[in-house]
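Q: Listed below are the residues making up each chain.
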Amino acid sequence: MGLGDEKGLILISAVVEHKPGVLHRISNMFRRRDFNIESISVGVTEFKDLARMTITVKGDEKIADQVVKQMSKLIDVIHVEALNWGNSVQRELALIKLKAETHEKRSEIMDYTSVFRGRIIDVARESLIVEITGDSEKINAFINLTKQFGIIEVARTGITALARGPSSIGEEVKKNLNER
Amino acid sequence: MGKISGAKALLEALKKEGVSIIFGIPGGAILPIYDELYDFDIRHVLCQHEQSAAHMADGFARACGKPGVCFATSGPGATNLVTGIANAYMDSSPLIAVTGQVPKSMIGKDAFQEVDIIGITTPITKYNFQPRSASEIPEIVKKAFFIASTGRKGPVLIDIPKDVQTEEFEAEFPEKVTIRGYNPYKKPCEKQINIAVKWLASAERPMILAGGGAIYSEASSYILKISEFLLAPVATSLMGKGVFPEDHPLSLGLLGMHGTLAANKLVSEADVLLSVGTRFSDRTTGKVDEFCKEAKVIHIDIDEAEISKNKKVDLAIIADASEALKAIYEKLINYLSKKEETPWFKRVKEFKEIWEGWIFEEESNKELKPIPILKILRKILPIDSILVTEVGQNQMWSALYFKVFKPKTFITSGGLGTMGFGLPASIGAKAAKPDVPVVDVAGDGSFMMTENALSVSVAENLPIIAVIINNKVLGMVAQWQRLFYGKRYSAVKLDRVDFVKLAEAYGAHGVRVQDLNEFSNALKECLKLDVASVIDVPISPEENVLPMVPPGSSLEKIMGVEKWDWVMKKG
Chain L
1 MGLGDEKGLI
11 LISAVVEHKP
21 GVLHRISNMF
31 RRRDFNIESI
41 SVGVTEFKDL
51 ARMTITVKGD
61 EKIADQVVKQ
71 MSKLIDVIHV
81 EALNWGNSVQ
91 RELALIKLKA
101 ETHEKRSEIM
111 DYTSVFRGRI
121 IDVARESLIV
131 EITGDSEKIN
141 AFINLTKQFG
151 IIEVARTGIT
161 ALARGPSSIG
171 EEVKKNLNER
Chain C
1 MGKISGAKAL
11 LEALKKEGVS
21 IIFGIPGGAI
31 LPIYDELYDF
41 DIRHVLCQHE
51 QSAAHMADGF
61 ARACGKPGVC
71 FATSGPGATN
81 LVTGIANAYM
91 DSSPLIAVTG
101 QVPKSMIGKD
111 AFQEVDIIGI
121 TTPITKYNFQ
131 PRSASEIPEI
141 VKKAFFIAST
151 GRKGPVLIDI
161 PKDVQTEEFE
171 AEFPEKVTIR
181 GYNPYKKPCE
191 KQINIAVKWL
201 ASAERPMILA
211 GGGAIYSEAS
221 SYILKISEFL
231 LAPVATSLMG
241 KGVFPEDHPL
251 SLGLLGMHGT
261 LAANKLVSEA
271 DVLLSVGTRF
281 SDRTTGKVDE
291 FCKEAKVIHI
301 DIDEAEISKN
311 KKVDLAIIAD
321 ASEALKAIYE
331 KLINYLSKKE
341 ETPWFKRVKE
351 FKEIWEGWIF
361 EEESNKELKP
371 IPILKILRKI
381 LPIDSILVTE
391 VGQNQMWSAL
401 YFKVFKPKTF
411 ITSGGLGTMG
421 FGLPASIGAK
431 AAKPDVPVVD
441 VAGDGSFMMT
451 ENALSVSVAE
461 NLPIIAVIIN
471 NKVLGMVAQW
481 QRLFYGKRYS
491 AVKLDRVDFV
501 KLAEAYGAHG
511 VRVQDLNEFS
521 NALKECLKLD
531 VASVIDVPIS
541 PEENVLPMVP
551 PGSSLEKIMG
561 VEKWDWVMKK
571 G
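Protein chains in written order, with this note's numbering: chain L, 1 to 180; chain C, 1 to 571.
Chain L on its own, in the form it takes in the complex (with noise of 0.2 angstroms):
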C-alpha cells in the first residue's frame, strides 16, 4: 500500500513550536511552493509550547517528499514525518445543525445518530446539533444520510492523525531536543 490514500491524499504530521505566526509561516510555505492544503488540525501535545499539526495534502509520494523537507526547513518545526494512511488512525470530528420541526423527524435522527455512534449534543425547537466523530467517509456518509432533514451548517475540524504501534514523533521530538 502507498503512502497516501485512495484519493492520493497525504498525510503530514508534525510537532512545531507554539507560538503566533508559526501556522502563517507553515500555511505560506505551502502557498510560496504550490501545494495545497486540504485540510489542516492543530492543537496542543503532550509537549509544553509545543502544537501538533496534521495537515492532508494532495499528492504523491514526491510531492509527500518535499512538503516534508521543505517543512523541516523552517525553523518552527520541531518534527515532521509523511504518516503512511494505512499505518496510522486518523479522525475527524463534525458538528452538524440539523432542522427537525416535528417529533418524527427528530426521533429519526436520533436513530440515525445512534447508528452512527453520534451524540446529540443541542436540542432546540426546530433544530439539532449532532456531534460525530470518525474518518471524513463516515462523517461525509452521516451527511449525505441526513441531507434530507435539510442541513443548517455544518462545522469540521479537518483530520488529525497519529501512527499505529508503540512509536511516537514524541520520541522524534525528544531525540532532537537532546541532541541540541
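For the record, the hints were derived by calculation from the structure and aren't laboratory data.
Built from N, CA and C at the ideal position, the CB exists for glycine as well.
Please note: incorrect hints may appear among the correct ones.
Stated by the list, open to error - SDA-like, lysine to any residue: derived pairs with alpha carbons at most 25 angstroms apart:
hint: 1; chain 1: C; residue 1: LYS312; chain 2: L; residue 2: ILE63
hint: 2; chain 1: L; residue 1: LYS73; chain 2: C; residue 2: ARG152
hint: 3; chain 1: L; residue 1: LYS19; chain 2: C; residue 2: MET106
hint: 4; chain 1: C; residue 1: LYS312; chain 2: L; residue 2: ASP34
hint: 5; chain 1: L; residue 1: LYS73; chain 2: C; residue 2: GLU139
hint: 6; chain 1: C; residue 1: LYS142; chain 2: L; residue 2: GLY21
hint: 7; chain 1: L; residue 1: LYS97; chain 2: L; residue 2: LYS73
hint: 8; chain 1: C; residue 1: LYS309; chain 2: L; residue 2: PHE30
hint: 9; chain 1: L; residue 1: LYS97; chain 2: L; residue 2: ASP111
hint: 10; chain 1: C; residue 1: LYS349; chain 2: C; residue 2: MET106
To be verified - Which residues of chain L face chain C? A few of them, derived with a C-beta cut under 8 angstroms, are:
hint: 11; residue: HIS24
hint: 12; residue: ARG25
hint: 13; residue: ASN28
hint: 14; residue: ARG32
hint: 15; residue: GLN66
hint: 16; residue: LYS69
hint: 17; residue: GLN70
hint: 18; residue: SER72
hint: 19; residue: LYS73
hint: 20; residue: ILE75
hint: 21; residue: ASP76
hint: 22; residue: VAL77
hint: 23; residue: ILE78
hint: 24; residue: ASP122
Knowing the structure of chain L, use the given hints to seat chain C on it.
A: Relative to chain L, chain C alone:
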C-alpha cells in the same frame, strides 16, 4: 551592565557579533536606534535608497563571508528593502536587516508608515523576528546571526517596534544560543560517502559541477584535489564561478543557458556527475529531464530540501560540502592511484582548445566589443580584484569571458537576477575589501536602476569603478526579441543619460572611450584614482551573448556555435 534601552542593546549585540559597518537610511520608526548610533563606534553608510542598502550589505557579505547588516525605517523603508532581501535569499547570502516598526500599541491599526514587514518577508527570509519587549533583543540578535550564517545561509529580518527600542531593561547578552527546531550541522553519512567513492573511482568520464554552496562552504581546495586526482573537469553554475581556477586545464567554465561550449557539450557525455552545492536551477540545467541523462548524479548539499527538488539524483549526501568532499577525497586516494592522461581528459583538452581558440583569439581590431573588453579587464585587473556585475548581457559576458581564479572575487545576482544589484553590491564589497580594486561591470539599463548609489560611493569614500557596457538598449531583452520574437523590439531602447556628466554630477570621475586602447588606458587611470569612476563604453546594440541555449531546451541545443558543427557531431 545596568539598565539600557532596547536600541542600545541592539547596537551592543551587533558589536558583539563583530559588526563594524551598517548600511542604511534613518526614519521616524528607527530614530531611537540612530540616536544611539550617534555615540557608537560602528561605521554607518548613509544610502540613497533602501534597496541599495540591502544590496550593499549583501555585496559586503559575499566579499568577506561575514553577514552584512542594513537598517531601514518602518513602512516604505522596510518595503524598499524587499528586493534586496529576496536577492540575498535566492543566492543564500547572509544578511541581517533591521527595520523600525510603529509602537506596539499602534500595530495593526494602519498607523502612519506601518506595514506588516514580518508578513511580507516571511517567504523571502530564512527567519524573521519581532521582539515585543527590549529584553528579547540580545537573544534575538544572537539567534539572527546564528541562523543567517550557518547551514544554508540566508537573510534574517528583525523588526523592532519603536517603544521596544526606547524601553529600558537590565541587559544580559547570551554567549551561545540554541534553537530547538534548527540544527544546521550535518555530518556526511559514511555509507553514502563510500558509494560516492566507488562510483567516482570506476567512472570513465567523471565531471564536477560546483555551485554557490561550494563557495560558501569554502570547498575550493577539495574540489581542486578531487578534480586533479580523477582528471575530472569542473564546470560551475553562475553562483559557483570562482570556486575553481578558470585558467586550470580542467576548468570548463560556466554551465547552462550561457555556458561555454565545452561545459555544455561535455556534461551530456559524463558518466558520473559530482554536483556540489548547486540547486540545479533551470538556468544551469536547461531542460531538466534531459540534463545529464547518461550519468549517475551525486548531489552534495547542506539543504536537504534541494535533494531531488529540481533534478532527481541517484545519490544524495546531506552535509557541509567541504566536509563531504574531504571525506570523499581521503577515501579516494586509498582506493586508487592518481589518474594520468585518460581518453576523457584528452576530449576535455580538445574541447577547451576549440572553445578558447575561438573565444580568446587575438583581436586585431580596436573596435569596442564585449569579449575584448572583458579580456582587457582581466589583463589589467590584479587577480584579487573583485568583479561585480549588473544583470543582463553584461553579466553573461562577464560570466563567460572574464576568467576568475579565486572564490569570492566574482559577485553577481544569480537567482533573482536583480537589475540594479551591481553598483551597490560593489560598494558593499569595497567596504569589505578596501585594499583591492572593485569593478562593477554594468549595462546601461541595470546601472540606471540604482545609479544614485554612486553618490554613496563618493560621499562615503568607498570608490569603485563602474564599466558601463553601453548598448543603449535593455540588451538581454533586445537579444531575446532578436532571436525569439522576430526582431520586434518592444520597449527596449534607452539612450537617455550622459553617463560622463552623470558621474561628474555625483562628484565621481567620468570618462567615455571610443576604442579598445582608450578603454585600456582609462581603466589603468581609474585604478589610480581614489574616487569612484565611471567608464562609459559604447558598443553596438546588436551584440548578442553567445553561445546560448534557448530557454526550456536541452543543453545540447547550443546556438551560436554553428561553425563548430563538426566538433559537435564528432561526439
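Q: Going back to the hint list, which numbers does this structure go against?
A: When the structure is compared with the hints, numbers 7, 10 and 24 turn out to be violated.
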